[in-house]
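Asker: If you're matching them up, the sequences are chains U and C in order. If you read the first sequence in my numbering, its first letter stands for residue 24, the second for the next number, and so on. If you read the second sequence in my numbering, its first letter stands for residue 19, the second for the next number, and so on.
Keep in mind that the hints were calculated from the coordinates and are not lab data. Values in this document were obtained by computation on a predicted structure and should not be read as measured data. Incorrect hints may have been included.
Claimed, not checked - Subject to a maximum C-alpha distance of 20 Å in a straight line, what follows is the list of computed EDC-like cross-link-like pairs (lysine to aspartate or glutamate):
| hint | chain 1 | residue 1 | chain 2 | residue 2 |
| --- | --- | --- | --- | --- |
| 1 | U | Lys338 | U | Asp414 |
| 2 | U | Lys81 | U | Asp276 |
| 3 | U | Lys395 | U | Asp421 |
| 4 | C | Lys90 | U | Asp234 |
| 5 | C | Lys209 | C | Asp240 |
| 6 | U | Lys81 | C | Asp122 |
| 7 | C | Lys209 | U | Asp403 |
| 8 | U | Lys81 | C | Asp120 |
| 9 | C | Lys90 | U | Asp231 |
Stated by the list, open to error - Covered, in the sense of this in silico footprint (three residues per stretch, anywhere, with C-beta under 8 Å from a C-beta of chain C), are these stretches of chain U:
| hint | stretch |
| --- | --- |
| 10 | 202 to 212 |
| 11 | 217 to 226 |
| 12 | 262 to 273 |
All residues carry an ideal CB built from backbone N, CA and C; glycine is no exception.
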Amino acid sequence: MVAVLALRASTRPQSAGNPMFFQALTFQLGYNATLVTFGATLLGIAAGVTGSFLFFRKRALVSDAISHATLPGIALAFIVMVSLGFDGRNLPGLLAGSALSAATGLFAVQWLASRTRLTEDAAIGAVLSVFFGFGIVLLTVIQTMSSGQQAGLEGFLLGSTAGMLYADAVLIAGGGALALLLVAIFRRPMMMASFDPEFARASGINLDRTDLIMMGLVMGVTVVGLKIVGLILIVALLIIPPVAARFWSDRADRVVLIAGALGGLSAWIGASGSAVAPNLPTGPIIVLTAFAIFAASLLFAPGRGLLISALNHRKFQRGVHIRQGLVSLAQGQAIYEPLTLRLLQAQGLARADGVATEDGVARASRVLRDEKRWETARGDPALEMAAARYDGLTQIEDVLTRDQIDHLDARIGPPRGVTP
Amino acid sequence: MLQIANSENVLAEAQNLRESPFAIRGLTVSYDQKPAVFSVDVTIEAGKMTAIVGPNGAGKSTLLKAALGIIKPLSGQVTLMGRPVAQEMHRIAYVPQRASVDWDFPVRVIDVIEMGMFRKTGLLGRLSRADRAHAMSCLGRVGMTDFANRQIGQLSGGQQQRVFLARALAQNADLYLLDEPFAGVDAATEKAIITVLKSLRAEGRTVVAVHHDLTTVPEYFDNVLLLNVRKIAEGPVATAFTEENLQAAYGGRLGTARLNAAAVSG
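Could you put together the complete structure from these sequences and hints?
Answerer: Next comes the structure, spelled out in structure tokens:
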């Protein structure tokens, strides 16, 4: 590992000029760079979409084992190709090797988790570290080979688009597109297996086969993405986009689409940055971009974002205070909580000494009426459905029809006046 | 004489299997070396409601899951109208225990119902307008129409259970298998569920439910299967749900007073 990273440290830094970055983003930086950025974007979409199902199935970390397990395959493929007299850097050859060892690693995780008493997380830890360690040993061996110095295999650790060939970019774009097609075909069984495995099996879905397809897709995306994102960080491109997307929607189909968009966006920006500064590893740029998107989603997404949740909570709290205050006014009780009194005052419903204003009296009697209606409605089995929408603030007029309310009122009796 | 009796038995058995929508023969399931269900034979009567009753750990849920192939039994055959159950899964709707699902999963109620129609749509098919209307009508049958667009995590336990039942209704099956449908639900839900189950029976469908509340067995069900790893008794509530059989199934785990209260007299 040290030897590998030392190679990287010797690269000279390049300045990343803004105009050039813009050119890269807009696909104006030459044919090859454009193709690489396009391939990366497609890969990012595929990773976000595939990763969503992994996230739904709660097996996100399996992808980490898969990606680390690719390393010995890459190294062995290099050694085999060189010893047979071919170019060791042939990407399809390296990816084929990585796929074989990733499949071995995946099988090892599955076997350990299902046939022994080890849990999946323990199996992942064991497989991940052993395969990665073995891979690093092989890389060190390659360093000592005469053809190993220029191998550039360390690019597979953190990702590198530098020196990528036209054919490589086509391979990556094609792999991403194929993964997307397969997800489109198998999305229903994968979704059902994730949501409710027992029901899925009872519906005739073969769970083992569905999981195999899901893991096969993850493996495919991992292998195809090795060159761009690198094996250490590809897990981030599979997991961060769906996790970020989850903040944006409560519907699985939308989460998948949003995750694809976010993954594509991260990879697009990351690959563009890398085109401008070829010596910067691509993977970390992509992952940092993805993280920025995640952080923004966490904070600002409507619905589940922290900011909107805090605002909603505050709004609800204020609503509750006002309502409680009005109920107290209606029943002629004193208001003790300073916040309640402040809110009532701000809305012109009460004076500073806690006495209701004219507005306050009118509102208070309406609120008291509403409370009584709710109380009666919630005790009535026939209104169960409406009663389930009770949240303490919703007006009953928004839930029940006029006739239903009249019916309630008939049971409550005539409205009582409120003394100011 | 013995020969004739035997061949009569064979004929009767064949007849039983042909007529039963859910017949289990010699089912044994074990976790590691300990059997959870041992050599159980069950013949569920068509068009009736059957309760599977027994103490905790008696293998009630396991029996259903193994019969459906959700977990792999050690041995045994399961048939639906005489045909292997694996070939007839499209005629079966299964309602798992509520606890088996991740309630934070990003699906809406209506999405859950539409999952019940996977067999119809298959891998790539789309739901037609009529399919969607059918899904909504199934929600209506459990009184949950207003909740179609809610995320399932926002529902109460009873409402979640009703959504599960609606998903099973959407499957339009002949045989309904429910695992503890009344566990932890409110009174309104219990009433809604039993009404739906009775309407299924009225339509000639067969209902089998794992049930834990002994006091409501005679009120809700026609037949009962008493289970404690082995089968203790099966048959109409009037003859099988007796104090003696309950004692055999529950052993000392149930006070005599409760047994008396639960069992049908006689």
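Asker: Does each hint hold? Answer for all of them.
Answerer: We went through each hint and held it up to the structure:
1. U/Lys338 x U/Asp414: holds, 13 Å
2. U/Lys81 x U/Asp276: holds, 17 Å
3. U/Lys395 x U/Asp421: Distance of about 15 Å is within 20 Å: holds.
4. C/Lys90 x U/Asp234: holds, 17 Å
5. C/Lys209 x C/Asp240: holds, 17 Å
6. U/Lys81 x C/Asp122: holds, 12 Å
7. C/Lys209 x U/Asp403: holds, 14 Å
8. U/Lys81 x C/Asp120: Distance of about 10 Å is within 20 Å: holds.
9. C/Lys90 x U/Asp231: holds, 13 Å
10. 202 to 212: As far as the stretch 202 to 212 of chain U goes, the hint holds, because 4 residues have Cβ atoms under 8 Å from chain C.
11. 217 to 226: holds (count 9)
12. 262 to 273: With 3 residues in contact (Cβ-Cβ under 8 Å with chain C), the coverage given for the stretch 262 to 273 of chain U holds.
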